[in-house]
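Assemble chain B onto chain A, guided by the hints.
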Amino acid sequence: MQDMVLLIVSAALVNNVVLARFLGLCSFMGVTTKVETAVGMGMATTFVITVSSMGDWAIETFLLEPHELGYLRTVTFILVIAAAVQFTEMLVRKVSPTMFRLLGIYLPLITTNCAVLGIALLLVEGKLSFIQSVVFAFASSLGYSLVMVLFAGLRQRLALAEVPTLIAGPPIGFITAGLLALAFMGFSGISTH
Amino acid sequence: MSDAVGGASQTELLEGTARVVAIEAGTVWLEPEPAAGCGGCRSLAACGGSAGRGVLPARRFCLTDVPQPRLGERVVVGIPEGALLHASAVAYAIPLLTMLAAGTAAARLGGGGDGAAALGALGGLAAGAVIAHAVAGRLAERGRLAPRFVRRLSSDAGATAADPHPDTACQRT
Numbered sequence: 040m041q042d043m044v045l046l047i048v049s050a051a052l053v054n055n056v057v058l059a060r061f062l063g064l065c066s067f068m069g070v071t072t073k074v075e076t077a078v079g080m081g082m083a084t085t086f087v088i089t090v091s092s093m094g095d096w097a098i099e100t101f102l103l104e105p106h107e108l109g110y111l112r113t114v115t116f117i118l119v120i121a122a123a124v125q126f127t128e129m130l131v132r133k134v135s136p137t138m139f140r141l142l143g144i145y146l147p148l149i150t151t152n153c154a155v156l157g158i159a160l161l162l163v164e165g166k167l168s169f170i171q172s173v174v175f176a177f178a179s180s181l182g183y184s185l186v187m188v189l190f191a192g193l194r195q196r197l198a199l200a201e202v203p204t205l206i207a208g209p210p211i212g213f214i215t216a217g218l219l220a221l222a223f224m225g226f227s228g229i230s231t232h
Numbered sequence: 002m003s004d005a006v007g008g009a010s011q012t013e014l015l016e017g018t019a020r021v022v023a024i025e026a027g028t029v030w031l032e033p034e035p036a037a038g039c040g041g042c043r044s045l046a047a048c049g050g051s052a053g054r055g056v057l058p059a060r061r062f063c064l065t066d067v068p069q070p071r072l073g074e075r076v077v078v079g080i081p082e083g084a085l086l087h088a089s090a091v092a093y094a095i096p097l098l099t100m101l102a103a104g105t106a107a108a109r110l111g112g113g114g115d116g117a118a119a120l121g122a123l124g125g126l127a128a129g130a131v132i133a134h135a136v137a138g139r140l141a142e143r144g145r146l147a148p149r150f151v152r153r154l155s156s157d158a159g160a161t162a163a164d165p166h167p168d169t170a171c172q173r174t
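Top to bottom, those sequences are chains A and B. Quick note: the first sequence uses our numbering, first residue 40, plus one each step. Quick note: the second sequence uses our numbering, first residue 2, plus one each step.
Keep in mind the hints are simulated off the structure, nothing from the lab. For glycine and all other residues, C-beta sits at the position ideal for the given N, C-alpha and C. Fair warning: there could be bad hints in the mix.
[Claimed, not checked] Computed from the model, here is a short list of chain B residues facing chain A with C-beta under 7 Å: (1) L85; (2) S89; (3) Y93; (4) A108; (5) A117; (6) A119; (7) A128; (8) A130.
[Said to hold, decoys possible] Over the 12 Å line for every Cβ pair with chain B, so calculated as not near, a few chain A residues: (9) A59; (10) M93; (11) L108; (12) E164; (13) G228.
[Stated by the list, open to error] Here's a subset of chain A near chain B, in silico, CB distances under 10 Å, partners left out: (14) G79; (15) F86; (16) T127; (17) S135; (18) L197.
This is chain A alone, in the form it adopts within the complex (with noise of 0.2 Å):
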């Protein structure tokens, strides 16, 4: 139990995917003018993320490894997370066409968002078992979730700010974000493994 907590805070806190990897920084900057709909792409990735570790640790177990195929990894990761996204625009086509309206815009970015591909490469490099591979997927998008509605609530706050003119937009932002990934390094004392 211990080392499945350890794993979640390593994950979501310590290795944070978007201050410490620098993954998924495309839409960290682009989504996030707004706290709401940084939660529902959030999510989104989350769940997509969550999925497709499934898919992706049984191809690596059953496939790739026992057969000396890891040159493929990354071709097949990309269509496996495809495939996650295809099967979650489904899932929320059938669970309510109105809410496919309303999320399924986040969908297609998530195809193209390296922290899903980075994370799906991470978990492998682990050596997890099922559960630690889809608690950690879990815990690492649910770290990206977390900075990005911060983000969000602190570009929101800077709308409202009055910024000196030759750093307003898109590079206070940047400032925005480099202090943030800075009090997230005082995460990395806390000793995981």
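Relative to chain A, chain B alone:
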């Protein structure tokens, strides 16, 4: 130029632009305007998220509250900010949590075996989808997820009518 609609501005709305592509008796079909994939910028040519545009069918939706609709005109539509949070929580959080709970429980009951955990997770995902479907139906019945007309932007006189969405009636569920 803009026609504010009573009630629409009483709650905070997430707004987007759409174009009227078809008008049926009392129902207006709209197509979202192409922005960059994430809506964060207008760099369509360089955006990977927009790569599938033109190949994939456009997502049409319908409204019944557009006053005097004209074919081809651009309108601003909005949804309450809370609707997105509710929809995300129902569509994603419920299936994810049931999947993780069932997967963990199955792993423990199955003595840590990967096969039991995988079957449990898939079962939990299916159960979560059924629960989410029921909750989504209830939310939609209350009209919590419906987009609404906010104001009109401009009119395009040269537009031609498109077929409405082939397999969907303008409904709230």
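Hints, one by one, checked against the model:
no.	hint	verdict
1	L85	5 Å, holds
2	S89	4 Å, holds
3	Y93	4 Å, holds
4	A108	4 Å, holds
5	A117	9 Å, violated
6	A119	5 Å, holds
7	A128	13 Å, violated
8	A130	6 Å, holds
9	A59	22 Å, holds
10	M93	6 Å, violated
11	L108	20 Å, holds
12	E164	18 Å, holds
13	G228	28 Å, holds
14	G79	5 Å, holds
15	F86	4 Å, holds
16	T127	8 Å, holds
17	S135	4 Å, holds
18	L197	15 Å, violated
This entry does not satisfy hints 5, 7, 10 and 18, going by the numbered hints stated previously.
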